[in-house]
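Residue-level listing of the chains:
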Amino acid sequence: MKKRQRAGFCFILPWLIGLIVFTAIPMLAAAYISLTDWDIVGNAKFVGLDNFIYVFRSEDFIKSLWVTVRYAVLAVPLIIATSLTMAVMVSKNYKGMRIFRVIYYMPAIVSGVAVAIVFKWILDPSYGLINGVLAFFHIKGPDWLYDPNWVLPSYLIMAIWGAGGSLLTYLAALKDIPQDLYDAAMIDGANTWKKVKYITIPLMTPIIFYNLVLGIIAAFRKFTDAYVLGGAGKEGNFYMVYLYEEAFSHYRMGYATALAWILFAIILLLTIIVNWTKKYWVYSE
Amino acid sequence: MKKSKKLGKRMGRSRMIALYVVLTLGSVMMLLPFIWMVSTSFKVENDIFSIPINWIPRKITFDNYIKALKVVPIAKNMLNTVIIAVPKILGEVFVSALVAFGFARFEFKGRNLLFMILLATMMLPYEVTMIPTFMIWSHLGLSDSYVPLVLPAFCGSASFIFFMRMYFETIPKDYEEAAWLDGAKNLKVFYMIFIPMAKPALVTISLWSFMGTWNDLLGQLIYIDSQEKYTVQLALASFSSMTGETLWGPLMAASCMALIPIIALLLYAQKYFMEGIKLGGIKG
Amino acid sequence: MKRSIILCILLLIVLGMFNGCSKKTNSKDKNTFTFATWAAGTELEEFQAVIDKVNEEAAGEFKINVLSIPSDYYVKISTKIAAKNSPDFFWLTQELISKYAKMGALADITEQFKQSDSLTPDMYYEGVLASAEYNGSYWGLPWIANPIIVYYNKTMFDALGVECPSATDDWTWEEFIDICRQISGREYRGNTVYGTIIDGWPNIETFIWAGGGDIIAKDGESIILASEEAKKGMSYLQTIIEEGLSPRYAEVASLGDNNVWFEKQRVAMFFGGVQDNFETKVDKMDESVKFEIGYAPMPVCDDGSPWSFDWTASTVMAKSLEGNDLAYKALEAVTKAFFEWKIVPPVKGSLNNVLEINPKKEAAMETIAYIMDYARSANYVPEWSDINDKLWYNLYVSLLNDASFDYRSQMDEIQAYSHDLISKRKSK
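Residue numbers (my numbering), protein chains in the order written: chain A, 672 to 956; chain B, 3 to 286; chain C, 1176 to 1603.
By construction, these hints were calculated from the structure, which means they are not laboratory data.
Here the structure is a predicted model, which means the values were calculated and not measured.
By construction, the Cβ of each residue, glycine as well, lies at the ideal position given by its N, Cα and C atoms.
It is possible that part of the hints are untrue.
Subject to a maximum C-alpha distance of 20 Å in a straight line, what follows is the list of computed SDA-like cross-link-like pairs (lysine to any residue) [stated by the list, open to error]:
#1 C:Lys1494 with B:His141
#2 A:Lys763 with B:Ser16
#3 B:Lys78 with B:Ile265
#4 A:Lys791 with C:Gly1375
#5 C:Lys1439 with B:Thr248
#6 A:Lys865 with B:Met18
#7 A:Lys791 with C:Val1572
#8 C:Lys1494 with B:Met137
#9 B:Lys69 with B:Leu261
#10 A:Lys791 with B:Met39
#11 A:Lys791 with B:Phe36
#12 C:Lys1439 with B:Asn56
#13 A:Lys905 with C:Arg1423
#14 C:Lys1459 with B:Thr248
#15 C:Lys1439 with B:Arg60
#16 A:Lys763 with B:Leu27
#17 A:Lys763 with B:Lys273
#18 A:Lys950 with B:Leu116
#19 A:Lys763 with B:Gly14
#20 A:Lys716 with C:Lys1259
#21 B:Lys273 with A:Val759
#22 B:Lys273 with A:Tyr765
Computed footprint of chain C on chain A, listed as stretches where at least three residues anywhere in the stretch have a Cβ under 8 Å from a Cβ of chain C [unchecked claim]:
#23 701-713
#24 797-810
#25 920-928
Work out the full structure: start from the sequences and follow the hints.
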């Protein structure tokens, strides 16, 4: 069996090499930087754990963390549910489904900046699309990104719009569910809902797990559109936006790197937890 | 073929109609931003921020496209991006599949720990490792080059490895078991059985890899200096200036042009998602 | 078929790699310099033309290569500096000069500047030169002065029967607000119009200076934000917002950018830089939407003195080139070339260049000539980015959203905060 072990090791070797050469060194550098006061341009001054201590006293840190956590908790389940639903709806090979698949996936192909620009208009309080439609029904729409209470919903709308991003993964998984299972269930008299609940979803759990982990990472690392759009009352000040500004507007790279490591720890913790629950709900052969 | 048609009919007329209606409504929402982009790209400058919003340009003009092409050589930029993307896809897709195979089917010491490390590499924001990484490449004389953008691809990509591993784990062991019994070598099993079965997944990550390159602004910004080497995203960035105004019309025109290759690719890759139907199953 | 596709791909890769690899031929040729700029698109074409001319005139003595950074300018600049790969020359806006100088990224050009035969400190307008000074030394050569003036829609003024300000008026802020009151809320060409538009632009200095106050004192060290003069100035902003003389903050983006409001004749007066190209835009408009542009200087300070905020930027030199006379020569040559490209050139006696560069500005010349003697840039400290954050989020935006916001105590708070920041630096 040792032979199999060695074989396995050989297969992952390319990644391992890349890990050491391309990843480990920068990460070690980043670890060191987080212990310094560095303005990028000048020399780094070692300050030990000062950055980390400062973090907990910083109002902006707490605010940005709160904004991000709140978003993640709401957006991740929302995106998964929406994406799954979309996938199930377009999975069958009926006429025209092909076009729907492309349409629902399209939001994911646009770069973050373009999305932000377009949504800036869509969410415009005076003449944007959403408020325009609401006005048609005689409802006065909110100020969206200009109203602190409506910033989070604005970003959630953008999240749902982009939910089709995981469509391909779900479609690929759906295609692999043997038709026989459905047929057998049909014969046993199961209706659509039962089929979805007892066949589709359980067999999709590996892909759902994948999207859950990636979704958590993505939600906590949300940056590009938030950086362009912001939001009233610092409600659009996501963690990564805060980090980026600390690094490149205030030239406090040491502090920003410490922030990065804290984010890293949070995401890692959540992933470990999710991974630990894997055996309870994820199906595998 | 016949079977699915029969089942289709069983879904019921009203059900089908309801499905199509919902999907169409949803599609409209999905497409609206794109429609706005296209519409704006054909609008005269005065028309772009008019009130109330015009969906259909009052006067259709190709000026924005002409201007865009004058400002940036978009075709060349696209070619440059493709030059980066192709080796990157080859590297990332094949190596990721290989590595994923190792994680999925072999139980070696430290496997779970290493996989956790793999996941962990996705969690540290790129912005803080960017400068140390750049410093190394720069020291090697490779700034203003595509090499830093392409070379790491040959060690796989963490999220693709993760995905392929998940995918491989859903493939029933029965298939390989037959092959092992016949004494087949690992590599052969890999590309005779796993690769063909994983076609939809491989197409998916190829598409992602391409999109990643197509849409990567920061990485390309840092490592590319010369204008001849500019990629699509750098070209798009040329339409808004730090101290000047944003040229909305040409920007939308350029953005639309930049979308065409990806949409084309998406349409083309479509058929691979229809092929992935597994043979009835060797349940036994 | 498949094999040839694979061959094609391999060929493409190999070609691409050669294209993509940088041939380090100019491994520090002593007379080739890299110049980084944020110019992109059309501006870059113009920039390249200027540089080409300078290179031609240098006739081999030195050569300048252009490095355009179309996005995230400071990210790339600071990254390159960190990697000891700093561009030899690069553009820096006024707020960052003191910061980069303090971080040790810039060459001190004081000596060479003072001893130059063709471009000396006293040739510059004092207000502009101050922006390139820090800690008693000069760190860059300013290449542009873009003071704020008031553009107004003469056609609208006439139609609404309001008296126009004159080209060199010394009108007060109260008069300015009065004019706004006469215009805001009225109907013109089928739309409600406003006297002016304030949405974060003009910058907060505009209002603080209006009352005769300032944020940072002339000594470049002490904070005087919470003075009565500064607060009086801010009260003008408050009045404008309270009485709805400007569109609501949330409404401004509906037309894209704030200047569009002026172009679409929705606001009567617009605080714009001299460089703004309204004239070109109006020329291209249909006859039915064209209007006549009038010019006036900024309303005067409470104490009657004229002033304007001058936006300026400098070209700086990398630290490694400190003392390098050839580099300085190139820097000087390129700066002088900019005086014939950008308006307004920051050196005295070159107002004619404005007309040569942009003849459409002729009607504005009276105002421009008048204001250049009084325009100045602000005093900046290395801690500016933090102070500015507070000024923006805690003060300006709060007031924009809520006219009843207590800006006075907020100004006290920010003053205390800034004071702490600066003392921390001094105690280090």
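With a cut-off of 20 Å on the C-alpha distance, tell me whether Lys273 of chain B and Val759 of chain A pass.
The given pair, whose Cα atoms are some 17 Å apart, holds under the 20 Å limit.
Pair hint outcome, Lys1439 of chain C versus Arg60 of chain B [Cα-Cα no greater than 20 Å]:
holds (16 Å)
Pair hint Lys763 of chain A and Gly14 of chain B, alpha-carbon separation not exceeding 20 Å:
Cα-Cα ~14 Å, so holds.
Assertion that chain C covers the region 920-928 of chain A - criterion: three or more residues, beta-carbon distance below 8 Å:
holds (count 3)
Hinted pair Lys716 of chain A and Lys1259 of chain C, Cα distance within 20 Å
holds (18 Å)
Please work out if Lys1494 of chain C and Met137 of chain B have their alpha carbons no farther apart than 20 Å.
holds (18 Å)
Within a Cα-Cα threshold of 20 Å, do Lys791 of chain A and Met39 of chain B meet the stated pairing?
Answer holds: Lys791 of chain A to Met39 of chain B is near 12 Å, not above 20 Å.
Under the criterion that the straight-line Cα-Cα distance not exceed 20 Å, is the pair Lys791 of chain A, Phe36 of chain B satisfied?
The hint holds at about 14 Å.
Hint consistency between Lys1439 of chain C and Asn56 of chain B [alpha-carbon to alpha-carbon, up to 20 Å]
holds (16 Å)
With a C-beta cutoff of 8 Å, work out whether three or more residues of the region 701-713 of chain A approach chain C closely enough for the coverage to hold.
holds (count 4)
Pairwise hint evaluation, Leu116 of chain B against Lys950 of chain A, where the allowed Cα distance is 20 Å at most:
It holds: about 19 Å lies between the C-alpha atoms, which stays within 20 Å.
Going straight from one Cα to the other, do Lys763 of chain A and Leu27 of chain B come out at no more than 20 Å?
holds (18 Å)
In this structure, every one of the numbered hints holds.
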